[in-house]
Amino acid sequence: MSVEVRDLHFSYGKVKALDGVALDLPKGAIGLLGPNGAGKSTLLRILLGFLSPDKGEGRVLGYDIKYQQPMIRRFVGYMPEDDCFIPGMDAVSFTSYLGELSGMPRQEAMKRAHEVLFYVGLEESRYRNIETYSGGMKQRLKLAQAIVHDPRLLFLDEPTSGLDPQGRKEILGLIIDISSKKDIQVLISSHILPDIEATCSYVVILNKGRLAADGNISELKQIKYSLYEMKIKGENKNFLQKLRDMKSNVEETEDGLLKVYMPPGKNPQDIFKTAAEEKIQIRHFVKSQTSLEDLFAKVVGVD
Amino acid sequence: MTIKEKGYTHWDGEFKDGKFPWWPITRYGIKLTFKKKFFKFFFFMTLVPAVVYLVGIYISERLEDFSFMVRESTVFLQINPAYFKSYFTNEGLLFMIVIILVFAGAGLISDDLKYNSLQLYFSRPLKKKDYFIGKAAVIVFFLFIVTLIPGLVFIIMKIVFSGSFKFFASYPWLVLSVIAYSILVTAFFAFYSLFLSSIGKNRRYVAILIFGLYFFTDIIYEILYGIFKSPYFSLLSFKINLQQVGAFIFNQKTQYAVSWVYSLLIIIGICILSALVLKKKIRGVEIVK
Numbered sequence: 320m321s322v323e324v325r326d327l328h329f330s331y332g333k334v335k336a337l338d339g340v341a342l343d344l345p346k347g348a349i350g351l352l353g354p355n356g357a358g359k360s361t362l363l364r365i366l367l368g369f370l371s372p373d374k375g376e377g378r379v380l381g382y383d384i385k386y387q388q389p390m391i392r393r394f395v396g397y398m399p400e401d402d403c404f405i406p407g408m409d410a411v412s413f414t415s416y417l418g419e420l421s422g423m424p425r426q427e428a429m430k431r432a433h434e435v436l437f438y439v440g441l442e443e444s445r446y447r448n449i450e451t452y453s454g455g456m457k458q459r460l461k462l463a464q465a466i467v468h469d470p471r472l473l474f475l476d477e478p479t480s481g482l483d484p485q486g487r488k489e490i491l492g493l494i495i496d497i498s499s500k501k502d503i504q505v506l507i508s509s510h511i512l513p514d515i516e517a518t519c520s521y522v523v524i525l526n527k528g529r530l531a532a533d534g535n536i537s538e539l540k541q542i543k544y545s546l547y548e549m550k551i552k553g554e555n556k557n558f559l560q561k562l563r564d565m566k567s568n569v570e571e572t573e574d575g576l577l578k579v580y581m582p583p584g585k586n587p588q589d590i591f592k593t594a595a596e597e598k599i600q601i602r603h604f605v606k607s608q609t610s611l612e613d614l615f616a617k618v619v620g621v622d
Numbered sequence: 013m014t015i016k017e018k019g020y021t022h023w024d025g026e027f028k029d030g031k032f033p034w035w036p037i038t039r040y041g042i043k044l045t046f047k048k049k050f051f052k053f054f055f056f057m058t059l060v061p062a063v064v065y066l067v068g069i070y071i072s073e074r075l076e077d078f079s080f081m082v083r084e085s086t087v088f089l090q091i092n093p094a095y096f097k098s099y100f101t102n103e104g105l106l107f108m109i110v111i112i113l114v115f116a117g118a119g120l121i122s123d124d125l126k127y128n129s130l131q132l133y134f135s136r137p138l139k140k141k142d143y144f145i146g147k148a149a150v151i152v153f154f155l156f157i158v159t160l161i162p163g164l165v166f167i168i169m170k171i172v173f174s175g176s177f178k179f180f181a182s183y184p185w186l187v188l189s190v191i192a193y194s195i196l197v198t199a200f201f202a203f204y205s206l207f208l209s210s211i212g213k214n215r216r217y218v219a220i221l222i223f224g225l226y227f228f229t230d231i232i233y234e235i236l237y238g239i240f241k242s243p244y245f246s247l248l249s250f251k252i253n254l255q256q257v258g259a260f261i262f263n264q265k266t267q268y269a270v271s272w273v274y275s276l277l278i279i280i281g282i283c284i285l286s287a288l289v290l291k292k293k294i295r296g297v298e299i300v301k
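First to last, the sequence lines map onto chains Y and X.
Numbered by my numbering, the letters in the first sequence go through residues 320 to 622 in order.
Numbered by my numbering, the letters in the second sequence go through residues 13 to 301 in order.
Since the hints were made in silico from the structure, they are not lab data.
These numbers were taken from a predicted model, which means no experiment stands behind them.
Where is the CB? At the ideal position from N, CA and C, for every residue including glycine.
Be careful, since some hints might not be right.
[As the list claims (entries may be wrong)] Dumping the calculated DMTMM-like pairs for lysine to aspartate or glutamate here, alpha-carbon to alpha-carbon at most 25 Å:
1) X:Lys213 with Y:Asp402
2) X:Lys293 with Y:Glu573
3) Y:Lys606 with Y:Glu554
4) X:Lys293 with Y:Asp373
5) X:Lys126 with Y:Glu450
6) X:Lys140 with Y:Asp402
7) Y:Lys550 with Y:Glu570
8) X:Lys126 with Y:Glu400
9) X:Lys141 with Y:Glu442
10) X:Lys291 with Y:Asp383
11) X:Lys139 with Y:Glu570
12) X:Lys293 with Y:Asp564
13) X:Lys28 with Y:Glu554
14) X:Lys293 with Y:Asp402
15) Y:Lys488 with Y:Glu400
[To be verified] Simulated coverage check for chain X against chain Y, where a stretch passes if three residues somewhere in it have a Cβ under 8 Å from a Cβ of chain Y:
16) 60 to 69
17) 133 to 145
18) 197 to 211
Here chain X stands alone, though its shape is the one from the complex (with noise of 0.2 Å):
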């Protein structure tokens, strides 16, 4: 018997009031982008830095085990702030995290724009905001798995290697700056990456802007500062903007003779920007007036 044979049957479950309204589209978000082509690879490789800098820790706590390897170097396994900064602001992390966004975050709003999905979307009873906190918590996910759970990680197993809380207590806000770097990152790169998949429908190119735009940021700057020699033009760089800003965070001093509050102004009015941005253009429909 064929299933129109037997007919229509009604649903007779309730709905729930749920709280996240938001959650299915980051669940599947995370499941597809992990079905991506060699993303799993890269986002093991990710993860390579953290394994590195854990390594760094246990053999910081193990010193007289492991002289032969560390020789005069100890000065470099001294876990403190600068060592959080160091792993946090290193140009290897920064650029697998680019490598993150190009696969999961690429494909996020131009992939609906291309096949017409917003509107199943908004044709359920969903925001705008449960839409974009949606979306912005897929990579949230993936990013918050390179920098704040490694971070919390590196601090918890510096306690349990020494067997003491004598690091916590020394630097007590440490925990903080991690957190709050983390925070800042991931929404700098989750706004950064919402914005262009917002303004392209075909993901390939949308991933080459990614990709592209974060690091003509840092040519430019290194062209203008070789021609004019201004500390000023770090400004430019998305990634000098960063560190900057982490080197404040974790109570450093910055590379830079800029002060650090320009770059998380730039920061910040990036993230605005991308929100206004993305307003216009996430809708149900498709308006050409």
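So that you can see chain Y by itself, here it is in the shape it has in the complex (with noise of 0.2 Å):
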């Protein structure tokens, strides 16, 4: 396991923001999903030592998250969220110091420093002051800063915000490559649910400080539930009713589909039961292809 944690909670004053999460991470690509204030960004500084929990252990890596916090650091690579960066720098000095701050020798930190910037693309500008970067330029090079020391687990918060579709594909495309072809476990912070399903296999969702859902996201997709979407005629309220008591979720598009979420073990002839009591005509029925969209609107109960 590359991430363990135990009854976790956090609390920013008043606020919950974990509230007894317990994970245990296989190796690979990981996506965490939630909505805003979910607590992902929460968990991943917990899990790197920048907040300490109220309650609760853990361990990255195998090391404690409370007592060996500069071990995981050391093997552990952190991209955030924010633009962050020093000023009066250019991207190879940047870059290998942060190596040389992660315990890299100087010479090897400056020459792996060239090395991550032509990987994340970013060789013809490598010696332009950062402060003149744009948003693109900016996220590749928290990449480059994150992976400058060869870390064994790489945390990324949210890697595409701000960017055009162009940089989000490419920077999709390293991090594919990062996770699938040299044995770096990722974790990926993100609400961007298609960016989670192009990069991971196995996804966490949050929601308001709880564990919402986690595994594998074909077997989620598939075991956890079916989707129906169907378009209906007649007074529909008594049948929604009865379809959220039959503990389905049921969602209505703006266009008048509605998206039945059947939990397993429920069979899908309960709809056209429930409809003919309710006198309900249904003019269109079909089995949806599931997405990570539809499980995260499922367990997270919002669009």
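These two chains come separately, so use the hints to put the complex back together.
In structure tokens:
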């Protein structure tokens, strides 16, 4: 296990950011999903030792999050969400500087800085002052500083935020390359679901500081529930209530499409029976191909 | 072939378990300070008093050659602890030190706060104390160049110019005084500037605070002393507190009728207060509770 946490609690004053989170994350690329305020960044910050949990315990790469933080930080790379850099430096100095702070010898840090800047596509502008960089270049630079010391585990906090489609595609390409071919575990915190679907095989969904779901994306999508899309005619209030009484999650889209998430063990025929009882005409019915977005909406209860 | 096609490569080197993990912070801090506009000019100006005092030491050993210059002023060229005290506590040197702090100290932490870079430092195997030592060492570097090093050079050059150890034998404690006072001044100004740098995100605003607060305490003393005529108001002035303790360290009479102990306690108090604020302010993430 790369990350294990047990009963993790953390509060910002009266606001509970994490409320009894327990996780065992396997190797590979892992997506950390959740709406704003779900506790994703707080979890990453606790794993890095920036914050000390109010309660609970955990290990990252086998090191205790409370007592072995320097070791964790040596083997973990962190790409923060916010823009962050050191003014007055060019990209090479900046990256090698952070390599040195990770414990790399000076010469090697400089050599490695050039390598990772080439890798993230900043080779042409690596001697330019960072303050003149565009948002996309800063994002790449943040990735470069996170991998300069060749971490075993990479924490990426909203790695594609603020990027144009092309920049996003390129960053995702780099993340896939790092996580799939290079034996580096990646934990990506994001609320952009397609990014997680594109890069991760395993997902953890947090909601209001609690663990809402976790597991392999493919398994979660198939096993946990079935999604049916339908269009109906008639007074739907009682019909929808009955579906909800069957523990199904029902959403209505703006164009009148109903999405029904049925729990395991329930039969789609129950929908037809209920419709007949309520004198509802079902004019369109299809078992939908579930996406991570659907899973997210199901477990978090938001669109 | 782009690097992406080449792919990511692992680093096969070994991490060093250095005893000074803060050293890169200091090195880059010094480098970045020298890159600042006009800093080199002001820094070399700061060394002018040291050169003048060094010339004074030389002249003191060659009075016969410079008699046309010094005439009756030979009393001022007696090299003794008072001469050293005069160098270390003169208003010009303290003023130039504050100018150095404006350049070297103002942005040390405020820039990290402004550009969110504290999280970059603390996502590395660095402790809070390493960060603090690394930043403080930038100030120590510059202030030792204008305090400790000139002081030691004065003693060495006095021995060299006189060709004997008589001076050293007369004042064997002077080396310790130079070291002690340099450490005191440097520690005070390091805490002072790091504290002010940690309370603002704007380097210019912090620079004004560093400069303004130092002189404000002196002006307040002048005003209150003018009204109440009590020497105890001198304790309000940073400059006078340093001069009072300096006079004691160099075994000279204090200028103000207040014990140097009070001044020392105030200096230590400011350092402790600054350390407490720094401990609270410097962290990987800003927490709003």
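Q) Hint by hint, which ones does this structure get wrong, listed from lowest number up? A) 2, 9, 11, 12, 13, 16 and 18
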